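Assemble chain B onto chain A, guided by the hints.
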Amino acid sequence: MKRLVGALAVASMLAMGLAACSDDGDGKDKKSDSTPSGGGAPVPRLDGTTVSVAAVWTGDEQAAFKKVLADFEKRTGAKTEFIPTGDSASTFLGQRVEGNAPPDVAFLAQPGVLQQFAQKGWIKPLAPDVQQAVQANFSGQWQKLGSYQDKLYGVYYKGANKSLIWYNAKVYENAGATEAKTWDDLLKNAGLISDSGTPPFAIGGADGWVLTDWFENIYLSQAGPEKYDQLAKHKIPWTDPSVKAALETLAQVFGKGDWFPGGSGGVLQTEFPASVPQAFGDPPKAGMIAGGDFIGTNIIKDTKAKIGTDAKFFGFPAVGTGKAPVVTGGDVAVAMKDSPGAQALLKYLASPDAAKVWAQQGGYLSPNKNLDFAAYRDDTTRGIAKNLIAAGDDFRFDLSDQTPAAFGGTKGEGEWRDLQDFLRNPSDVAGAQAKLEADAAKAFSAG
Amino acid sequence: MSDKAPAQVAVPEKTKPTPARETRGLGSGTLLGWLFLLPAIVMLAVLVAYPIVWSLIRSLFGADGWSDFVGIDNYKELFTDDNTFTALKNNLIWVLVVPAAVTALGLVFAVLTERVRFATAFKLIVFMPMAVSMLAAGITFRLVYDRDPDQGVANAVMTSVHDVFSEGAPYPGARPRNDAVLTPQGGGFLTRAGTAADGTALLPLVALPANKIPGDARNARPGVPAAGGLGGVVWIDFSKGNAGKPGVVDPGEKGLPGVKVEAVRGGHTVASTTTGKDGSFTLPASAAEGGPVQLRLAASNFAKSFAGYDWLGPNLITAAIIGAYIWMWAGFAMVLIAAGLAAIPRDALEAARVDGATEWQVFRRVTIPLLAPVLVVVMVTLVINVLKIFDLVYIISLGSSQKEANVLALQMYIASFGGGNNQGLGSAIGILLFLLVLPAMLFNIRRFRRENR
Numbered sequence: 001m002k003r004l005v006g007a008l009a010v011a012s013m014l015a016m017g018l019a020a021c022s023d024d025g026d027g028k029d030k031k032s033d034s035t036p037s038g039g040g041a042p043v044p045r046l047d048g049t050t051v052s053v054a055a056v057w058t059g060d061e062q063a064a065f066k067k068v069l070a071d072f073e074k075r076t077g078a079k080t081e082f083i084p085t086g087d088s089a090s091t092f093l094g095q096r097v098e099g100n101a102p103p104d105v106a107f108l109a110q111p112g113v114l115q116q117f118a119q120k121g122w123i124k125p126l127a128p129d130v131q132q133a134v135q136a137n138f139s140g141q142w143q144k145l146g147s148y149q150d151k152l153y154g155v156y157y158k159g160a161n162k163s164l165i166w167y168n169a170k171v172y173e174n175a176g177a178t179e180a181k182t183w184d185d186l187l188k189n190a191g192l193i194s195d196s197g198t199p200p201f202a203i204g205g206a207d208g209w210v211l212t213d214w215f216e217n218i219y220l221s222q223a224g225p226e227k228y229d230q231l232a233k234h235k236i237p238w239t240d241p242s243v244k245a246a247l248e249t250l251a252q253v254f255g256k257g258d259w260f261p262g263g264s265g266g267v268l269q270t271e272f273p274a275s276v277p278q279a280f281g282d283p284p285k286a287g288m289i290a291g292g293d294f295i296g297t298n299i300i301k302d303t304k305a306k307i308g309t310d311a312k313f314f315g316f317p318a319v320g321t322g323k324a325p326v327v328t329g330g331d332v333a334v335a336m337k338d339s340p341g342a343q344a345l346l347k348y349l350a351s352p353d354a355a356k357v358w359a360q361q362g363g364y365l366s367p368n369k370n371l372d373f374a375a376y377r378d379d380t381t382r383g384i385a386k387n388l389i390a391a392g393d394d395f396r397f398d399l400s401d402q403t404p405a406a407f408g409g410t411k412g413e414g415e416w417r418d419l420q421d422f423l424r425n426p427s428d429v430a431g432a433q434a435k436l437e438a439d440a441a442k443a444f445s446a447g
Numbered sequence: 001m002s003d004k005a006p007a008q009v010a011v012p013e014k015t016k017p018t019p020a021r022e023t024r025g026l027g028s029g030t031l032l033g034w035l036f037l038l039p040a041i042v043m044l045a046v047l048v049a050y051p052i053v054w055s056l057i058r059s060l061f062g063a064d065g066w067s068d069f070v071g072i073d074n075y076k077e078l079f080t081d082d083n084t085f086t087a088l089k090n091n092l093i094w095v096l097v098v099p100a101a102v103t104a105l106g107l108v109f110a111v112l113t114e115r116v117r118f119a120t121a122f123k124l125i126v127f128m129p130m131a132v133s134m135l136a137a138g139i140t141f142r143l144v145y146d147r148d149p150d151q152g153v154a155n156a157v158m159t160s161v162h163d164v165f166s167e168g169a170p171y172p173g174a175r176p177r178n179d180a181v182l183t184p185q186g187g188g189f190l191t192r193a194g195t196a197a198d199g200t201a202l203l204p205l206v207a208l209p210a211n212k213i214p215g216d217a218r219n220a221r222p223g224v225p226a227a228g229g230l231g232g233v234v235w236i237d238f239s240k241g242n243a244g245k246p247g248v249v250d251p252g253e254k255g256l257p258g259v260k261v262e263a264v265r266g267g268h269t270v271a272s273t274t275t276g277k278d279g280s281f282t283l284p285a286s287a288a289e290g291g292p293v294q295l296r297l298a299a300s301n302f303a304k305s306f307a308g309y310d311w312l313g314p315n316l317i318t319a320a321i322i323g324a325y326i327w328m329w330a331g332f333a334m335v336l337i338a339a340g341l342a343a344i345p346r347d348a349l350e351a352a353r354v355d356g357a358t359e360w361q362v363f364r365r366v367t368i369p370l371l372a373p374v375l376v377v378v379m380v381t382l383v384i385n386v387l388k389i390f391d392l393v394y395i396i397s398l399g400s401s402q403k404e405a406n407v408l409a410l411q412m413y414i415a416s417f418g419g420g421n422n423q424g425l426g427s428a429i430g431i432l433l434f435l436l437v438l439p440a441m442l443f444n445i446r447r448f449r450r451e452n453r
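Residue numbers (this note's numbering), protein chains in the order written: chain A, 1 to 447; chain B, 1 to 453.
Calculated from the structure, these hints are not laboratory results.
Note that this is a predicted model, so its numbers are computed, not measured.
For lysine to any residue, the following SDA-like pairs were computed, each having C-alpha atoms within a straight-line distance of at most 25 Å:
1) A/188 with A/312
2) B/240 with A/257
3) A/301 with B/142
So that you can see chain A by itself, here it is in the shape it has in the complex (with noise of 0.2 Å):
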C-alpha cells in the first residue's frame, strides 16, 4: 500500500509534467523556395541576395504580401523571405537581434516601437534615395511618424482608418435614421434607432481597444491634434480638462444603459470579433458599430450583408466645433540591417507600384498620396481611402499606440481597462480620469 502511494505520486508527478508539455510554439520561418529571376525589371539588379522580411501578418494577408514580394523579386532578381513574427512583433524582433541574427527588414505596428528601436541603434536610416521616394508620395504626418530625431527611419505601406461608423442599412431605413455629419445628430439618430425598438451600437467592449478608439476619435476632434500629440506623449496630464470634456461626451452614449445588446454588461462581455455580427447579423441587435476599415474584413468573414448594400459606413462625426476626426493605424517598414536588398526592399514599398500589389487583392489601405484610386477593388475601399488621403496632414496615429505598451496596448490594464471601468460607471467621470493618470504616470516612467 505505501508503495503504492508513492508510485502513484511520481505518477501524478509525470501527469503533471506531460499537461506542463502541451504548450506549442508559433510557426516555423518558411523558407521561400528559389525562383528564376524574371527578366525586363528595371535597376536596381540584386541577383543572388536574400531579404528577409519579418512581419506579423498571417492568413490571407500574408499570401497578398508574399505577392507584393513576389513583385520585387521580379523587378530585382532577389530572393526574398517572409518571416512572421507572431502576435507580439517587438518582443520577437527584439530576441532576433539578441541572437545577431535579425531579418532584412521589418514590419512594426506601434510608432513608439520604431521610436525604441532607432534609440537602440537596432534599425538603419534610409538611404538617400529611399527618403527622396518617401518624401515624394507621403504626407509630412507619415513622414514624421517614420521619424526618429528628425531622421527618417520607415516607410508607412500599409495604413488603416479607424474613424468609421459602419452602419446596418435596413434598421437606418426602418428608423429613418440618416448619416450623421456631427456627434449632435449621431446622438439624435442613435435615439431614433432605440426608439425604434433596436439598440444603436454594437460596441465590442472586452477588448479595451475598442473603447480607446472611441475616445481618440472623440478626444482628436473635439481637443484638436495640437492637445491630441500632448496627450499621446504625456505632456499633459489625464486630468487635463480637455480629457473631461471627451469623457462627457464619450458618456453620452456610454451611459445609455439600453443604447447597447445586453446593457453595458453585454459590451463588456462582447469582444470585437462578435460585437460586428451584431450589427449585421439576421435580425440585427445592434444599428451600427464604430471602428476601422477592418470592419469590413469581419462583415464579409462573419456576416451575410453585403457591404456597400445592407453595410454602409461614414466617417466619424466632428464633435463640437472641431474638424471630423481621422485617427489611423499603419504597419512602417524599416532596416534592421545595413543592406543594399534591405534599402532596395524599402524604396521599392515607398511606391505606388508596391501599394498598387496589394491593392489589388483588397483588405488594404495605402497612405502613399500618389497611389491611383482606380487600384483598389471595390467603390468601399476606394471611399475609405480617400477619406484617409484627404486628411492630408490632420490625421493622428492611434493615441494608445504611441504610449508605452504597459498603458495603451495591455489585455486588463492600463488604458484598455480604465475605460472598461469607466464603461461601467460613466458618471464618474474625475474617478476614471484620475486612474488613467495614475497609469499613464506610471507606464511613462518605466517606459
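Then chain B, alone, in the frame of chain A:
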C-alpha cells in the same frame, strides 16, 4: 527524487529487493553510481537550480536590467500593489476550494464506478478531459460561458430551465415615449396625472422591435371612452424618422393588444383590464368614482426575459474558471483514487460487513482511513498544481475581468512580459510563488522518503 525509480507495480513488502543498500559498500559501485547520476544532476543544476538562483538575483534589480539595482524594492512593490493582492487572494481561494472539490469528486466517481457496469467506459469519459490541453480547454470554456445563450451552453441551460418555469413578457424592453406622461415604477409604468371618470388616457410607448408587435395589431385610434367609462389607448408612438408628433396618435401607428392596464388609487389597484387589438381599453366608471385615478401598465407586460448570468463578468469569473479546472482534473483524482481503492485489502471490508457495519459505515470508517495516504497525495499534488495555475485564467478571462481573475502566475507573466516588461518585479513574484509551493513540495518529498524507507 531522482534516485528512486518509479515503481510500476505495488510489490508486497516481503519480496521487495533492496539493491541500493547492497551496492553501497563498494567503492567502485559508488563511483559508477555517481557517474550514472551525473546527467541527471547536470540537468537539475541547469534547469532547476540555476533558474532559481538567477531569478532570486534578478528580483533585486529593476526593469532596466543589471544596471538598476533596487534591493528589496520589488518585494515592497509586490506587497503594496493591488493587482498582486488580488492575485494572492484568488490563489488562496483556488487552494482552499479546488483540491478539496476535485478530490471529493474523484472519490465519488471512484467509489461509484466500482459498482456500475461499463465502469471502464465511464472512467474513460471522466478521464478524457485530462487529455485535452489547457489551451484547448480554455478556449472551449470561453465559449461555454459566452453570455449569448445562442452561443454559450451555460447560459443556454440556465435560460431554458428558467423559461420552463416562467413565461416571458409580451413586450420586453418597451418604454414610455417620455417621462412626462408615464414614469417607471417597479418594472411597470405609472401615469403622472390622474384620469377622471370620463377621461381619456393616451399612453405612448416606444423601443419595441417590429417583430415584437403582434401581427393582428390594428392601427391605434385616439381612445374614445365608452359610455360612462374611463378609457384610453396604449400604442407604439413611433413612425419612421419619428415623423409623427410625440404623444399623439398619428396615422399608421399600431396599438398594442393584450397590455394589462390597472387603475390605481393610493397604491391600491381598484380595477384592471387588458387592451384590445387596437390598443384601446375601457375601465368601469365606478373605478373613478372617488375622484381621478392613476393608470398603471403592469410590470408583467415588460419584464425582460432572463438572459443568463455574466459568467465572464468580474463577479463570477473565478468561480467559472474553477469550474473548468474541476472538469479537467476530476478524472485525474478519480483514476488515482480508484487505483488506491483496488489495493485496499478486501478482507478488512468483509470483516467490517460481517461485524454488521452498514455500507456507509464501511465507507466512512474503513475505506476512507485506508485510502487516506492516496487522498493526501492527490490533494497535495493538486495544491502544487493549483498554485501554479496560469493557462486557464489567461485564456478564459476577458480584458474586462482579467484583473478580478488574476492569480500569481498570471501576474508574474503580466509584470514580466505584458507591456511593463519589468522582469525584476516578475522574478520577485516568481520567488514568492516558489516559496508558497515549497512547503507542499517538501511535504510530498518527505512522504516519499518515509514510504520508501
